[in-house]
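Given the sequences, and given the hints that come with them, work out the whole structure.
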Amino acid sequence: MKSKFHPDKNGYFGQFGGAFIPELLHPNVKELEDNYIQIIESKEFQDEYKSLLKDFVGRPTPLYLAKTLSEKYGAHIYLKREDLCHTGAHKVNNTVGQILIAKKLGKTKIIAETGAGQHGVATATVCALMGLDCTVFMGEKDIVRQAPNVARMKMLGAKIVPATSGSKTLKDATNEAIRYWIQNPETFYLIGSVVGPHPHPDMVARLQAIISEEMKWQLKEKTGKEDPDTIIACVGGGSNAAGAFYHYFDDEDVELIAVEAAGLGVNSGESAATSQLGEVGIIHGSKTILMQDDYGQIVEPYSISAGLDYPGVGPLHAYLYESGRAKFMNATDKEALAAGFELTKLEGIIPALETAHALAVLPKIDFKKDQVVVINLSGRGDKDLETFIQHLED
Amino acid sequence: MNSIQKIFEQKDENLLSIYFTCGYPELNDTNKVIKTLEANNVDFIEVGLPYSDPLADGPTIQDSSQQALKNGINLDIVFEQLMEIKETNKTPLVLMGYLNQMLKYGEDKFCKKVVECGIDTLIIPDLPMVEFENHYQQLFDKYGLTNVFLITPHTSEERIHKIDNYTNAFIYVVASASITGAKGEISNQQIAYFERIKAMKLKSKLIIGFGISDSKTFTTACSYANGAIIGSAFIKSLKSTGVSGIGNFISGIR
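Chains as they are written, first to last, in UniProt numbering: chain L, 1 to 394; chain F, 1 to 254.
These aren't lab readings, by the way, just hints derived from the structure by calculation.
Among the clues, some could well be false.
As the list claims (entries may be wrong) - 27 Å max Cα-Cα, derived DSS-like pairs, lysine-lysine:
| no. | chain 1 | residue 1 | chain 2 | residue 2 |
| --- | --- | --- | --- | --- |
| 1 | F | 239 | L | 168 |
| 2 | L | 30 | F | 162 |
| 3 | L | 43 | L | 4 |
| 4 | F | 183 | L | 109 |
| 5 | F | 183 | L | 159 |
| 6 | F | 198 | L | 30 |
| 7 | L | 9 | L | 30 |
| 8 | L | 2 | L | 50 |
| 9 | L | 9 | F | 162 |
| 10 | F | 236 | L | 168 |
| 11 | L | 107 | F | 183 |
To be verified - Label-pair restraints from in silico Cβ distances:
| no. | chain 1 | residue 1 | chain 2 | residue 2 | range |
| --- | --- | --- | --- | --- | --- |
| 12 | L | 324 | F | 188 | 53 to 61 Å |
| 13 | L | 157 | F | 158 | 35 to 43 Å |
| 14 | F | 242 | L | 327 | 53 to 61 Å |
| 15 | F | 185 | L | 157 | 28 to 36 Å |
| 16 | L | 144 | F | 187 | 37 to 45 Å |
| 17 | F | 108 | L | 382 | 47 to 55 Å |
| 18 | F | 138 | L | 34 | 22 to 30 Å |
| 19 | L | 6 | F | 196 | 37 to 45 Å |
| 20 | L | 6 | F | 158 | 26 to 34 Å |
| 21 | F | 135 | L | 106 | 28 to 36 Å |
| 22 | F | 188 | L | 35 | 25 to 33 Å |
| 23 | L | 106 | F | 188 | 24 to 32 Å |
| 24 | L | 6 | F | 115 | 36 to 44 Å |
| 25 | L | 327 | F | 199 | 55 to 63 Å |
For glycine and all other residues, C-beta sits at the position ideal for the given N, C-alpha and C.
Okay, here's the thing in structure tokens:
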């Protein structure tokens with residue numbers, strides 16, 4: 001069924017989206033636009049995609065009732081365990097799907113950008129699986145703070161190219177990937193989030209929609225109802241949130257909460273809370289909400305979490321925000337760290353720092369009795385151990 | 001007739017255009033660069049608006065943009081600087097910037113300021129044709145502005161004809177599938193592409209850019225088009241010899 005939260009024929013979600021790309025990229029984007037839906041909806045693709053999700057990724061991921069957390073916050077809190085996916089995060093759902101699309105389009109060279117490294121690892125993994133050449137662009141700063149994932153990518157055979165411009169983080173890695181793509185139009189740009197020019201946001205959302213598809217039947221099994229009262233997910237670009245919200249866009253009774261990284265505080269000057277600080281603008285080929293100065297220069301974001309350190313959100317999220325369909329909250333570095341430690345202690349699960357932001361809003365919500373809440377546990381925290389350890393004493 | 005069309009009326013071969021970044025190397029160098037380029041008989045000048053995230057630009061122009069932003073340049077200062085030389089400058093200026101700058105500044109306000117500065121031609125590399133057709137064509141028409149479209153070796157013939165119909169200045173022929181910056185010599189493959197475009201006998205004038213860096217590449221480009229734009233090589237020269245080295249740089253090209 002067509003939802004108003006699906007893009008129109010030009011790739012717009014309300015006023016957001018589109019494909020604001022240099023002419024140099026037009027043929028690549030057009031080729032994908034002309035083919036992606038047909039490929040994704042084909043039986044051949046679906047059979048191969050679902051088979052890999054089951055046997056390679058390890059889906060369905062469990063929907064786990066976090067009893068201690070539920071007792072503490074007075075709600076029925078379920079965790080959608082994307083951290084149990086192969087490679088440690090939801091990112092692999094998308095890379096498995098896109099690598100199949102790339103193969104159908106006859107592409108042999110893959111490029112990707114990464115912030116926290118989870119998308120880079122997931123891309124390197126599927127490239128190894130399919131025997132395709134892989135180049136990953138990563139901000140110089142992120143290469144240092146996400147060293148374990150850099151090592152994993154290298155072991156998987158990927159070439160890592162440091163982005164040395166700007167803030168040396170995800171935004172700049174994406175710029176460098178796009179510039180490389182311009183110069184190497186034969187490559188397939190395996191984008192990691194619901195960002196970029198149309199059709200990338202829609203394609204990635206469709207591939208992550210497996211999360212909410214599973215949530216529906218798993219909730220039915222556990223609670224007798226397919227719909228939770230609330231779904232909470234963190235948002236950088238927004239791919240895990242898009243996947244967790246996808247099948248609930250039109251169920252207005254389901255509250256959707258997107259959590260952004262406030263860094264040192266929304267108004268501290270060191271933040272990545274885009275919906276609070278941003279305005280309509282164009283970044284990486286789409287019109288969205290974006291942190292920028294009075295002259296349209298993109299402002300460097302900040303977050304302790306490399307995956308949320310992005311000055312925009314995907315255009316779908318900009319529309320969810322503007323339309324009021326999703327409630328946007330935020331959590332500071334400190335709150336996210338505390339939430340990460342809390343989940344570890346209460347449930348024996350070390351979450352990724354990105355995911356910890358979603359958990360960090362629990363103390364800020366006044367839950368009703370018997371409220372059913374699903375938190376998309378987008379990734380595991382192995383890659384962030386060093387950061388967590390640095391703050392153990394705090 | 002816009003300022004670029006007037007240039008083509010007088011001369012339609014070997015046109016030399018130079019790209020430079022406003023506010024570079026120093027904040028107040030914008031007009032010094034324009035005046036010196038004019039004194040050296042450059043045919044038209046591409047005035048670059050520094051941007052934090054210029055997707056189509058290579059490292060040299062990116063660095064010049066970063067430096068100009070560090071120098072404190074912004075759109076208001078650019079427009080003030082350009083207003084100062086409006087009366088004395090006779091060389092047509094083409095303004096090049098990214099769409100987000102225009103969007104944030106206010107599309108109407110931006111266009112109005114551009115026209116006030118005596119400029120009638122824009123290059124916005126991330127403005128796609130579909131957006132131009134749906135929205136910007138009307139806006140630009142309102143202000144008498146012309147948008148220059150880029151074509152690349154991968155642009156389809158059908159699309160090139162469409163662009164030809166939208167063009168009141170020139171078609172910017174991107175020399176290779178690349179971002180800006182010198183690539184060395186022009187390859188046989190590029191020449192085949194230039195010949196293909198020339199053979200299409202388009203109504204619009206053709207200016208080749210991206211990778212044109214010296215006398216040899218300029219001369220080669222001019223044998224297939226009406227002229228060429230030099231950007232990164234000029235920025236490199238500005239970096240090493242400053243405004244005083246402009247004369248030598250231009251005399252080395254033609």
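Verification of the supplied hints:
no. : hint                         : result
1   : F:239 with L:168             : 24 Å, holds
2   : L:30 with F:162              : 16 Å, holds
3   : L:43 with L:4                : 26 Å, holds
4   : F:183 with L:109             : 23 Å, holds
5   : F:183 with L:159             : 23 Å, holds
6   : F:198 with L:30              : 25 Å, holds
7   : L:9 with L:30                : 13 Å, holds
8   : L:2 with L:50                : 22 Å, holds
9   : L:9 with F:162               : 21 Å, holds
10  : F:236 with L:168             : 23 Å, holds
11  : L:107 with F:183             : 25 Å, holds
12  : L:324 with F:188: 53 to 61 Å : 58 Å, holds
13  : L:157 with F:158: 35 to 43 Å : 40 Å, holds
14  : F:242 with L:327: 53 to 61 Å : 54 Å, holds
15  : F:185 with L:157: 28 to 36 Å : 34 Å, holds
16  : L:144 with F:187: 37 to 45 Å : 39 Å, holds
17  : F:108 with L:382: 47 to 55 Å : 52 Å, holds
18  : F:138 with L:34: 22 to 30 Å  : 28 Å, holds
19  : L:6 with F:196: 37 to 45 Å   : 40 Å, holds
20  : L:6 with F:158: 26 to 34 Å   : 29 Å, holds
21  : F:135 with L:106: 28 to 36 Å : 35 Å, holds
22  : F:188 with L:35: 25 to 33 Å  : 32 Å, holds
23  : L:106 with F:188: 24 to 32 Å : 26 Å, holds
24  : L:6 with F:115: 36 to 44 Å   : 40 Å, holds
25  : L:327 with F:199: 55 to 63 Å : 59 Å, holds
In this structure, every one of the numbered hints holds.
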